[in-house]
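For the sequence shown, my numbering begins at 976 and goes up steadily by one.
Wrong hints could be hidden among the right ones.
Stated by the list, open to error - Here are the simulated DSS-like pairs of lysine-lysine, each with C-alpha atoms no more than 30 Å apart in a straight line: (1) K1584 to K1448; (2) K1052 to K1192; (3) K1568 to K1584.
Derived by calculation from the structure, the hints in this document are not laboratory data.
For clarity, every value in this text was computed on a predicted model and none was experimentally measured.
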Amino acid sequence: MPRLPPEPALQWNDSAPRTLAFDDVYFSRDGGLAESETVFLGGCGLPDAWRAREQFTICELGFGCGLNVIAAWRAWKDTHKPHAVLHICSIEAFPLAREDAARALAPFAEVGEIAAKLLARWPVRAYAPQRLWFEEDRLALTLFTGEAETILAGMQARVDAWFLDGFAPARNPTMWSAEVFRQIARLSASDARLATYSVAGGVRRDLAANGFTFEKKPGFAAKRERLEARNAARAVAPAPAPKRVAIIGAGIAGAACAQALSRRGVETVVLEAARELGAGASGNPAGLIMPRLDRGGALSEVFLTSYLAAVAAYEDLGVIDSCGVEERGEQRRAGALTDLLADPPLPPDWFSALADRAALHARAGLVRPREAITAMLSNARVLFEAPVAAIERAGEGWLLRAPDGCVMLKAAAVVLACGAALTQFAPARFLPIELSRGQIEWGPGAAPAHALTRSSYVLSFDGGVLFGATFDKVNSAEAPTADASSRARNLRALAQLAPEIAASIDPNKLNSRAALRAATPDRAPIAGALPDAEVWLRANADVAHGAVPIVSASIPGVYVVGGLGARGLTLAPLLGEEIAAEICGEPQVLSAKARAAIAPARFLQRALKRR
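Model the full assembly from the supplied sequences, consistent with the hints where possible.
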C-alpha cells in the first residue's frame, strides 16, 4: 500500500461533489446541512444528550468535507455547559483536498464562520491521526485516515454518539462490515446512540447482533427511511476528570502536559527544582523541529503524528520559524531516504526531493524552547525551587514530599516529566533511562537558507548560526558544563556537513551550552500510566512463555512522560496530549499498537521474555 493516502476522484455538479470510485454523493442536493441536522444530530438526540455533560464524544465514519462536524459544532457552540469539552473523532479513507472541501462548503453561508475555522486547520494528507483543538469553542476534532476497520480496532475511546455516514453499503461494503459493528459496540458508552441514513438489512442485523436496538424513522428529502439506534446496555456514568494534577518537571515534556490539562479546565501545578525555566536541555536557545520518517512499524505512526502535532502546536503559539530543513542522506541511511522519497508519507508541500539524495522538509524549522515553554505554562501554576523527593499514596490522591519530608502538595494525579531525574522516584526505577551529554555552539557565521542536517545540524540563528550537537554517554545526572573539546568536535562535524559555513566561523566568537538528554535503549519515548512493576511482573509471569500481557497493573493516578532524547521539542506536544487524554478518560490520538510501542510497561514485558 502506498504511504500517502489516496485522494478521491470527484465529479462536480455546481458545488455538490460525487465520488467516482463509489458513484455516490457526499451530501444531499436537497440541503446537505439540513440533512446533517436531521439524520445525525436529530438521530442521536443532540443537542439534548450533551446539555448536562462535562465531556461528550462523537465518532463519525465518513468525514468527507466536514459538513456533519460543522453541524455538530454549531449546535455545540449554542448549548454546551461552560467548561464542557466535545470530542469529535472522524474517519476518512479518501481525504479531500482543502480546495475541494472549500468548494463543497461554499454554499452553506449560514455556517461560513465555522467552515472557515475548519478549513484554516484542514488536516494534512497523511496516514497519521491529527487532533485539532478549537479552544475558544472547547472542541477537539481528531481526524483518522484509513480504513474504518483498522482505525476502529486501534482506537481507545468511550463514544456517546455515532454518525454512520460512509458511502452506501452496496457501494462501499468495507465500511459497513460485521467487524466494523463489533468495534462500534466495543467503543460505545453504555448509553450510546447511533444514527445513519441507511436502513439496509445488513446494517440492521449487525446492529442487533452487537447489542443495539433500532427504529426506522422518516428519511430526509427523497430518502424514505433512516435509522436511529441505542446501545441496550445499562447506562453507567463516566468517571470525572481529576480536579488537580501535579506535574514534576517544567521542561518541554512537563510544559506540554500542563498545556493539555489546562485547556481541559484541570487545575495544573508544575513543580520545578531549578530557580527558573530552561535548566536542562529545554534551556537551549533554539532547537530543531523535523520528522523522523520510518518506513514502517508502530513507531512510524508515533514519529509522524508527533511531527504534525508539533508543527501545529508551535504555529498556534507563534514560536516556530518554518525555515525548512534540508536532510542530506547519510551513507548508512541513503537507501531509506531514497525509498521514502519514491513513496513519500507526506504530500509535496511537506516533503520533497532535492539534488544529491537530499530531501526538503518545508514546514520544519526552528523553535525557541523557552518561549514555547513559557506559552505552554501560561494557564498553569508553576512552583520554582520546588524539588520533589518522593510521591506517596494518600487515599484517592497523592502527596508530594520535599527532601526534608514535608508535604508540598496533594493532587489527584501526578505526572513524572523530570527527564534525567525520572528514576529517582521508586515506582519508576525499573525504567532504563540512558543519559547523554550534548553541547551546541552559536555565534556569527554565514547562515544557510534552510537548516541543514546529516548526523549533525546547522541552522540560521540571530543573524548567525547555531550548530551541533555532541552525543556523549554519561552516568551522572549532574548538570554538565561546556568544554573546548566538544566545541572542536562540533566544528569538525560542521566542516563535513557544510564546509562553506564552517569556513566563515571564528571559533573564538562562539557561545556554547551543554545539557543532558534522557533517552531509552530502543530510542523511543515513554508515555502513559506507570505500571506497578512488582504487581505487573507477578500478574504477567506467563508473558515469558508467549502469553499476552494484561493491562490493569498500573499505579492509580501516576503517569510518566520521558526518554524523549534529542527529539523532545518534536515529541512533547503529542505526548502531552496523550497523557492528558488518558488522565481525563478521553479518546486517545494514537492507535493501540503505537501506544504499546511507547508504554512504560514494554520494558517489563521485555524483561520477562528474556527469562
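query: Taken at face value, is the distance from the CA of K1584 to the CA of K1568 at most 30 Å?
result: Roughly 19 Å separates the two Cα atoms, so the pair holds.
Would you mind confirming whether the straight-line C-alpha gap from K1052 to K1192 stays at or under 30 Å?
holds (27 Å)
Worksheet item: Does K1448 lie within 30 Å of K1584 when you go C-alpha to C-alpha?
Response: holds (27 Å)
Comparing the model with each numbered hint stated earlier shows that all of them hold.
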